[in-house]
Every structure is written in structure tokens, then in C-alpha cells.
Amino acid sequence: MARRFSAPYLSEPISSLASWARNLAVFSIVAVLVSIVIVRFGFLEVKPALATFFGALALAGLSILIGFAGFAAIWQNGTRGMSRILLAFLIDALVLAYPAYLVFQYRRLPPIHDITTDPIDPPRFEALSRLRTGEDTNPAGYAGLYSAEQQRKAYPDIEPVSLEIPVDRAYALALRLANKRKWLIIDERPPQPPRGIGRIEAVARTPIMGFREDVSIRVQPDGEDSRVDIRSSSRYFQSDLGSNAARISKFIDDLNAAAEADSQKPAKKPPPPPPPKSPAKTVKK
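Quick note on numbering: the sequence shown equals residues 79 to 363 in our numbering.
Hints listed in this document are in silico derivations from the structure and should not be mistaken for laboratory results.
Given the structure is predicted, the values throughout are model-derived calculations rather than measurements.
Misleading hints may appear alongside valid ones.
Listed below are the simulated DSSO-like cross-link pairs for lysine-lysine, each with C-alpha atoms no more than 27 angstroms apart in a straight line [said to hold, decoys possible]: (1) K258 to K328; (2) K231 to K328; (3) K260 to K125; (4) K260 to K328.
Just need the whole structure built from these sequences, with the hints factored in.
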């Protein structure tokens, strides 16, 4: 009968600390996914969702501590469970990586949530103002000169967009880009005489948690050309961690590229006039 060399190893018990580390890690990633679903689909208010999210982060941190304790126990007692600890560490890294990046952004960027290309006369939230009246929401009015000064220092490249195309065409390009990004359009008003100012109000979402951030775009004539101003403001929290500035910068780049491509299109030639009709022939009888 063949000798079973692996029998002594298989008889060793599995470390309970290793099992706890793995179970807590699995529960933490499930709680993170649940909190994301709660926010994106609006099942509960933001506060319960954030409580679930931060609770998940705490469980991931506890899983790491228990995992190290389990590693020490395995080293001393020779019990099994190293694979469970490594799995727990992998899950914990997935859960904590993005929040760690957000903490870095919070320490690096100013605590502002309202970004605009025109701090003196920012585009207003009119249709969106009724969505920003809750207890935990930021007001619809612009954040003020302190925010403008912090924005100037952190994001000096965010400026009004000057386009060498007519205002009607600039408005059409801005609306097309907003729809392409799948922003929820709340109000759209094309340029109308006498002032010829067009406005677009929309709701954007942050990439992962899906927090709502409101966008207002103003398009107005600038002589024969046009000027576009954009405002993006977080509906919740006093710091946006750079999301609004990134949204405006990307929109400006895409709008400039679209306007340049549009100005290079050849003008459509009018259709040729129809050939003159020949006079009707008379038949002599």
C-alpha cells in the first residue's frame, strides 16, 4: 500500500483567523457594491449609502489586521489557511485602492465643489435649482469669490471658450456633446433674438458612485463668432475631488475639436438650377 505523504499536512486544522479575514473581505466588497447600487438607482438617501460604504472600508481594514494576525498564527502553529489570507488581502486591496486615491486627491486639491469658466457672471441653474433645495444639497447659487480664487490657483486653464463659428452652430455642437456623454438634459433653450443666448442644463454622474453633478452651459454671440461658458457643480459635499474641473476641461477640448472640424467642412454648393423647359411644339393640321 502506497504511503500517503500528504496526510500529516492535510490533518492540520485551518486557522480560524484566516477564515475570518477572508469572510470579512468578501463581506466588505459586497457592501461596497450594495452602496453603489443604492446611490445609482436612488433606493435610499445619500447618507445611508455613505454609511454602508464607509462601513465596508472599515471591514476591509479589519480584515487586513486579522489577516496579519492569522499569518503570525500560521507561522507559529503550522496551521493551514495561507491561501485564504492571500485572497483576503487581494480583495481588501481592490476595496481600498480607489478610496485611497480619493484621500490623496482630497489632500492635494482645494475643498471646492463649484467650477465655472466665468466666475464673474457664471451660468445660472434655473431648471436645476429646484433639485438643489434638499437639506444635504449644495445651494444653486454660485459658491462665491473664495471658490473662484481657489479655482484660479488649482485650475488656471479653465477659461471661456471662443469659437470661430456662429452661435447657432456652437449651441448645436454643445448640445450634441452633452447628449454624447449621456448627461440627463433637464432644459435646452436654443439662441433666440434679440440677445441670441442659448442655455443647456443637464445632470452628470461621477464614474463609480454615480453622485449627481449639475452642469449649465451658456452659448452667446461674440460678434460674428460665439462664446461658450460652462459651470459644473456637485450637488452633494463641499469638495468634489477634482471631478467638476476634469469634466469641464474634457468638454472644452472636445468642443474645440468639434468646432475646428465643423469649420473645415466645405460649404455645400447649391443645387444646379433645372434646365429651361423647351417650348411646346404646335402641330399644324
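In rising order, the numbers of the hints this structure does not comply with: none
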